[in-house]
Amino acid sequence: MNKIVVGLIFGLILGAIDGATALFYPETRPVIVGIMIGSSFKGMLVGLFSGWFARKVRSTGWGIVVGSSLGLLFAFIVAVMDASKGKPHYLEIMLPGFVVGAIVGFLTQRMGTPAVAKSGA
Amino acid sequence: MEVSDSVLDHLRQVIALPDLTGTRYELESEIGRGGMGVVYAARDRELDRRVALKVLEVPITGEAQLIARLEHPSIVPIFETGTLADGRSFYAMKLMSGARLDRYAADTHTLSERLRVLRSVGEALAYAHSQGVIHRDLKPQNVMVGEFGEVYVMDWGVDAVAGTAGFRAPESTMDRLSDVYALGALLKFLVSASDSPAVAAIAEKAMSTDRRQRYDSVSAFLADIDRFEQGLAVEAWSEPIWHRLRRFASRNAVLLWLVAAYTLVKFLLFFLRKF
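Sequences listed follow chains W and F, in order. Each residue of the first sequence is one higher than the one before, counting from 1 in my numbering. Each residue of the second sequence is one higher than the one before, counting from 122 in my numbering.
These are computed hints drawn from the structure, not numbers from a lab. The model shown is predicted, which means the values in this text are computed figures rather than measured ones. The C-beta atom is built at its ideal place from N, Cα and C for all residues, glycine as well. Among the hints, a few may not be true.
[Stated by the list, open to error] Heads up, incomplete: computed chain W residues facing chain F, CB under 7 Å, no partners named:
1) F24
2) T28
3) L95
4) P96
5) V99
6) A102
Starting from the given sequences, assemble the full structure and let the hints guide the process.
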């Protein structure tokens, strides 16, 4: 399976699970569907870019660094959007996003087929 | 006239030296001695290079020509075979430098390094089998490890050899499965059971007295070694559940640490949110 597809699938699943943990907070239950969709989409974006990176660079360490950085970046964007609606939740959104990004980055390195080098004419 | 013992010994040694008259080789020194014959360092005058010259007490059969055709990085190339003026057979081969496997194994090496050496031996065997040659006498004394880690298997398929105790399969007719047995014995020699029960099980399977229980080829044997090195379950051993879990944890340590970190973060955020 293509590494980008691996990234998209794991980003979707882990993003959805991360979003679903908002169920533990009673105040977020009314908007859980929106949170899960947003979190899944964020996860897919992280997976897409991590998968693309994994096709170019084969390094578990760098995969984790890139995945966690992307996770942190997209989580920051989500946190800024969330803060504009009222009370900010930077830590609650960015910290798990950082670790989920690291997991997606790791999985894209370990799974899926790397890009096949094109032979010159 | 009386002749002292030391003079007699010297005379015996001189008589035992091979007569290289009529060959292109010039004797330098003895470098090894086994049941089949003696190995000497010699100089090839025509090509001005050093070679190893094995002088045999038994005649070389047609199989020597077949062995001479084997071309593999881990098989010592034979340059020439022939008969000496004193009637003994010889073959000239590349002069190797390094340590014999029995001496190499006495030093401290990691499990993975020992398995690398064994794999090289196995690959040479698998290649030889594909060419219709069996070794017949695989043992640590017939494997050399060079100073840069290169591995060479020597003394291939001499008919008169009946194997060496501890490495010889119990069957009377030697074939590929006898080499599988010897390779298992070599693995047992290189790796102790305390290193890994899975590797010990691979050696035991290869050394089964019942030939049907052995790996059916050297390639199947090496495939099980590969599975072990990749952290997968080996064919030779039905591992207990705790071992399976430990292997899973070892294979997926990074992932498990990341999942643990995520869980910890979530717990901390949940329980500390009111502070």
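Discussion item. Restraint: A102 of chain W near chain F, CB-CB cut 7 Å. Satisfied or not?
Written reply: holds (6 Å)
Practice prompt. Have a go at the P96 of chain W hint: is there a Cβ in chain F nearer than 7 Å to its own Cβ?
Written response: holds (6 Å)
Fill in: Hinted contact F24 of chain W with chain F - closest CB pair below 7 Å
holds (6 Å)
Practice prompt. Hold the hint about L95 of chain W up to the distance rule: shortest CB distance to chain F must be less than 7 Å.
Written response: Holds - the Cβ of L95 of chain W comes within 7 Å of chain F, reaching about 5 Å at its closest.
Worksheet item: Under the criterion of a CB-CB separation shorter than 7 Å, is T28 of chain W in contact with chain F as hinted?
Response: violated (11 Å)
Worksheet item: Measuring from the C-beta of V99 of chain W to each C-beta in chain F, is the shortest one below 7 Å?
Response: holds (4 Å)
The structure does not agree with numbered hint 2 stated previously, though it agrees with all others.
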